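Student: Sequence:
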Amino acid sequence: MAANRIDPAFWAGRRVFLTGHTGFKGSWLGIWLDMLGAQTTGYALPPERAEDMFAHLQLERALAGSLDHRIGDIGDFETLQEALRAARPEIVIHMAAQPLVRRSYREPLATFATNVMGTAHLLEAARHVPGIQAILLVTTDKCYENLEHELPYKEGDHLGGHDPYSASKAGSEIVGAAYRRSFLAEQGVMVATARAGNVIGGGDWSEDRLIPDAVRAWRDGETLVIRSPSATRPWQHVIEPLRGYLMLAEALCGA
1068 MAANRIDPAF
1078 WAGRRVFLTG
1088 HTGFKGSWLG
1098 IWLDMLGAQT
1108 TGYALPPERA
1118 EDMFAHLQLE
1128 RALAGSLDHR
1138 IGDIGDFETL
1148 QEALRAARPE
1158 IVIHMAAQPL
1168 VRRSYREPLA
1178 TFATNVMGTA
1188 HLLEAARHVP
1198 GIQAILLVTT
1208 DKCYENLEHE
1218 LPYKEGDHLG
1228 GHDPYSASKA
1238 GSEIVGAAYR
1248 RSFLAEQGVM
1258 VATARAGNVI
1268 GGGDWSEDRL
1278 IPDAVRAWRD
1288 GETLVIRSPS
1298 ATRPWQHVIE
1308 PLRGYLMLAE
1318 ALCGA
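Numbering follows this note's numbering, with no gaps: position 200 of the sequence shown is 1267.
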């Protein structure tokens, strides 16, 4: 792998199992994998809204040549295991999640079930599927214990979380580490996590996100409410973390 570059030759014909492919980042990644020539099996719930990127761009049809589109819940272990076995992937990228902090207060049990047990379901299924070379677990910078200091977090900082979403993502990290050490490392499967900050970009219509909220307010002639004006957020365009995910997956496979 050339420094800071994605190798199209690595991805051409590569079998990828992508969870959460109907979501915001998952839709972008599905398009990118198609451009790279990968053969992707997507496993996710249906899009929540007609305006969501996957539905609005009709990606099930647009990517039909490279994407095996499967609808399923990450909490349904048997269906997930069947999809993973059928896909016979070389690389697994796990993006399926309940990604919203405020929703996690309303639905804490569902958040923990999706983000913690969903990760456990995926890894348990994956360890029984031969041929997997690498598993990339996508989490978040919210997985760190929030000490309210001004310095940036480092990878070795303590995991934690004051809210159900953050705690669930810390739990997902711990599950990933446990499966790597207990099972997958001895099978020769490389496992890594990737932690991104707040992501912006076209096609994101999720609730309680600044840019979608602003567009909706302007569209509907309403006043935009800034919920946390004093907060500090690490914004990045969706292409940036996805580029990192692809480069990391290549590195895990020794490219």
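Calculated directly from the structure, the hints in this document are not laboratory data. The structure displayed is predicted, hence computed values, not measured ones. C-beta: ideal position from N, C-alpha, C; glycine also. There's no promise every hint is true.
[To be verified] Pair by pair, the computed Cβ-Cβ distance ranges are:
| id | residue 1 | residue 2 | range |
| --- | --- | --- | --- |
| 1 | 1250 | 1079 | 39 to 49 Å |
| 2 | 1298 | 1249 | 44 to 54 Å |
| 3 | 1250 | 1322 | 17 to 27 Å |
| 4 | 1296 | 1253 | 45 to 55 Å |
| 5 | 1197 | 1218 | 39 to 49 Å |
| 6 | 1071 | 1301 | 16 to 26 Å |
Student: Hint by hint, note whether the structure agrees.
Tutor: How the hints compare with the structure:
1. 1250 / 1079: 39 to 49 Å: Violated, at about 30 Å.
2. 1298 / 1249: 44 to 54 Å: Since residue 1298 and residue 1249 have Cβ atoms about 37 Å apart, the given range 44 to 54 Å is violated.
3. 1250 / 1322: 17 to 27 Å: holds (24 Å)
4. 1296 / 1253: 45 to 55 Å: holds (50 Å)
5. 1197 / 1218: 39 to 49 Å: holds (44 Å)
6. 1071 / 1301: 16 to 26 Å: holds (19 Å)
Hint violations for this structure: numbers 1, 2, all remaining hints satisfied.
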